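Spelled out from the first residue to the last, the chains are:
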Amino acid sequence: MSLEVKNLSLKIGTKKLLSDINFKLGSNEVVAILGPNGAGKSTLFKVLSGEHRHYEGQVILEGKDLKSWKASDVAKLLGVLPQSSALAFPFSVSEVINLGRLPHSTGRVLDHQLITEAMSKADVSHLADALYPSLSGGEKQRVQLARVLTQIWQKNDLGERYLLLDEPTSALDLPHQHQTLSLARDLAKEGVGVLAILHDLNLAAQYADRIILLSEGLCVAQGDVKTVLTPQQIESLYGIKVTVMSHPEHHYPLVVAS
Amino acid sequence: MISTLSTPINESLLSARERRVRFATLLLIIALAVSFLASVGIGPMQVSMLDSLSVITAKLGLHESNVSATVDTIISAIRLPRTLLAILVGAALAVCGAAMQGLFRNPLADPGLVGVTGGASLAAVSMIVLGGTSLTFISEWLGQYSLMVASFLGALLTTSLVARIATTKYGTSVTSMLLAGIAIGIVTGAAVGFLTYLADDSQLRTLTFWAMGSVGGATWQSVLTAGSFIAIPLVLIPLYAKELNALLLGESEARHLGIDVEKVKRRLILLTAIAVGACVSVSGMIGFVGLIVPHLVRLTLGPDHRYLLVLSALLGGLFLLVADIVSRTIIAPAELPIGLITTLIGGPFFIGMVVYRARSNAL
Numbered sequence: 001m002s003l004e005v006k007n008l009s010l011k012i013g014t015k016k017l018l019s020d021i022n023f024k025l026g027s028n029e030v031v032a033i034l035g036p037n038g039a040g041k042s043t044l045f046k047v048l049s050g051e052h053r054h055y056e057g058q059v060i061l062e063g064k065d066l067k068s069w070k071a072s073d074v075a076k077l078l079g080v081l082p083q084s085s086a087l088a089f090p091f092s093v094s095e096v097i098n099l100g101r102l103p104h105s106t107g108r109v110l111d112h113q114l115i116t117e118a119m120s121k122a123d124v125s126h127l128a129d130a131l132y133p134s135l136s137g138g139e140k141q142r143v144q145l146a147r148v149l150t151q152i153w154q155k156n157d158l159g160e161r162y163l164l165l166d167e168p169t170s171a172l173d174l175p176h177q178h179q180t181l182s183l184a185r186d187l188a189k190e191g192v193g194v195l196a197i198l199h200d201l202n203l204a205a206q207y208a209d210r211i212i213l214l215s216e217g218l219c220v221a222q223g224d225v226k227t228v229l230t231p232q233q234i235e236s237l238y239g240i241k242v243t244v245m246s247h248p249e250h251h252y253p254l255v256v257a258s
Numbered sequence: 001m002i003s004t005l006s007t008p009i010n011e012s013l014l015s016a017r018e019r020r021v022r023f024a025t026l027l028l029i030i031a032l033a034v035s036f037l038a039s040v041g042i043g044p045m046q047v048s049m050l051d052s053l054s055v056i057t058a059k060l061g062l063h064e065s066n067v068s069a070t071v072d073t074i075i076s077a078i079r080l081p082r083t084l085l086a087i088l089v090g091a092a093l094a095v096c097g098a099a100m101q102g103l104f105r106n107p108l109a110d111p112g113l114v115g116v117t118g119g120a121s122l123a124a125v126s127m128i129v130l131g132g133t134s135l136t137f138i139s140e141w142l143g144q145y146s147l148m149v150a151s152f153l154g155a156l157l158t159t160s161l162v163a164r165i166a167t168t169k170y171g172t173s174v175t176s177m178l179l180a181g182i183a184i185g186i187v188t189g190a191a192v193g194f195l196t197y198l199a200d201d202s203q204l205r206t207l208t209f210w211a212m213g214s215v216g217g218a219t220w221q222s223v224l225t226a227g228s229f230i231a232i233p234l235v236l237i238p239l240y241a242k243e244l245n246a247l248l249l250g251e252s253e254a255r256h257l258g259i260d261v262e263k264v265k266r267r268l269i270l271l272t273a274i275a276v277g278a279c280v281s282v283s284g285m286i287g288f289v290g291l292i293v294p295h296l297v298r299l300t301l302g303p304d305h306r307y308l309l310v311l312s313a314l315l316g317g318l319f320l321l322v323a324d325i326v327s328r329t330i331i332a333p334a335e336l337p338i339g340l341i342t343t344l345i346g347g348p349f350f351i352g353m354v355v356y357r358a359r360s361n362a363l
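Top line first, the protein sequences correspond to chains A and B.
When the count follows this note's numbering, it moves up by one through the first sequence with no breaks and lands on 258 for the last residue.
When the count follows this note's numbering, it moves up by one through the second sequence with no breaks and lands on 363 for the last residue.
Everything labelled a hint here was simulated from the structure, so no lab data went into it.
Heads up, a few of these hints could be off.
[To be verified] Dumping the calculated DSS-like pairs for lysine-lysine here, alpha-carbon to alpha-carbon at most 30 Å:
#1 K242/B to K67/A
#2 K24/A to K11/A
#3 K263/B to K67/A
For clarity, every value in this text was computed on a predicted model and none was experimentally measured.
In isolation and in its complexed conformation, chain A is listed as follows:
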């Protein structure tokens, strides 16, 4: 099954933020959304996560229109990692991650086990007892990732699981950027569809199965990495000249400004 977007358009006031977007996210792939600032990437996420409801077109989750799903059921299938979170109250890291189990009622023994696993996946185990507001930006981002992971960690009979990541690497150092995205790859192998907004073209090229390019609310290209990341495409999208090379070992495209 899939998370599918059909003829999606969204207007706020008279401003058209998204026009006629179509794509399908399978439950075993990583898809990256790229595009300049203001292209409508975050708006698209808000539609997929049920925050904007006055759109035209359809969002179909596991064969059923998103609007006819119960919010509490969607939460069991769809995890959303926000760009940043405003939590200012002194929850400890493990308490924040525990909030990811809120849609489920599986008992604390299992919850605790899932939390421990998610913490180690997101490399925050050593922070378990630290207070969230005292963490650095990157640590906060990884804690939030662990929270979202515990939310969709287990398969359930409602359907396949999906993970939306809004710039998951924006505050992370190099090793953690790669750790996060290889985690996304692992999840895809387990049957979780991952949709990630990214700014780093090379990270997208290395980890995504497919890329969707957005510009001014329009989907200007989508497809596998090599067909989308061409010099012409990137130049028309971002307005800068680039050279696209092939990675010497892994043969995915490398984009360098020229």
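Dock chain B against chain A, hints included.
Just chain B now, kept in the frame of chain A:
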């Protein structure tokens, strides 16, 4: 993906706080029981704690009363209702404060700040001043309930107004809600001032006493009437603990966790309006309880609403009960309005919080 190895539960992770919560709950219950007996015993006619206990157990039908009829009357007609009212009002104000702070993700939020208290007091003052003249029809119709119903409606009306101002089709803005609440608080304050100007001498005395807050007028009737209103939110608000925890992450995040954010907001606003309306009508303006108490609980036990709401209720009840004991003993035989005491403690506390938050850049 779950490892088949059974990992032993790390006791230190989640249980350290829980042990402290259990300890604090026990401590608060004991303190509340002791203060309860002290409050019943203290006054112009001193009654020992043992005698107080025996009066209460006799009232509950456990044995024959063995104290003098005077003591019995003083305790059962005056001190018991007063003590119960102080606990009820303190608990309700503290729980409402905790709920609003969670709702607005701001530890400085307080029923006073979003206009609930202002609206409730304007309505109540209108009833006090105009109840005999232009609003006679209401006071005749509702009788003893007129003040309570007016306060509740005032609270509900202002909160709905504030909520309406702050809500667009994209959700409720916390900032506009706080700002609108502050503005409405100022306007209702001015209107109360105008009504005070119209009031005659005896009304003025009621008003002054009422504006500074007091549980001194408690009778069994007022305790039961206000209590039945207060009990509803006191029981229902703690049921929203999980939702409030999720809301602390942010409204979008709460929505992603499957919570109907708008519904939760509407219900909590209604419940706090009921509680604050009832409190204001029966005890006047008692400030800062909703600010201090949850803050102290959070400071010692963390922000988890599963503990915060219940413990705030206990500590709030204890806090106001102790404040009331102080208010009637400190300048005995005269009595200091309880609102003065809570405000004298709460004002500097509030400023301290603001300074601390400004310093730590957290506001």
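Hints and how they fare:
{"no.": "1", "hint": "K242/B to K67/A", "in the structure": "24 Å, holds"}
{"no.": "2", "hint": "K24/A to K11/A", "in the structure": "22 Å, holds"}
{"no.": "3", "hint": "K263/B to K67/A", "in the structure": "17 Å, holds"}
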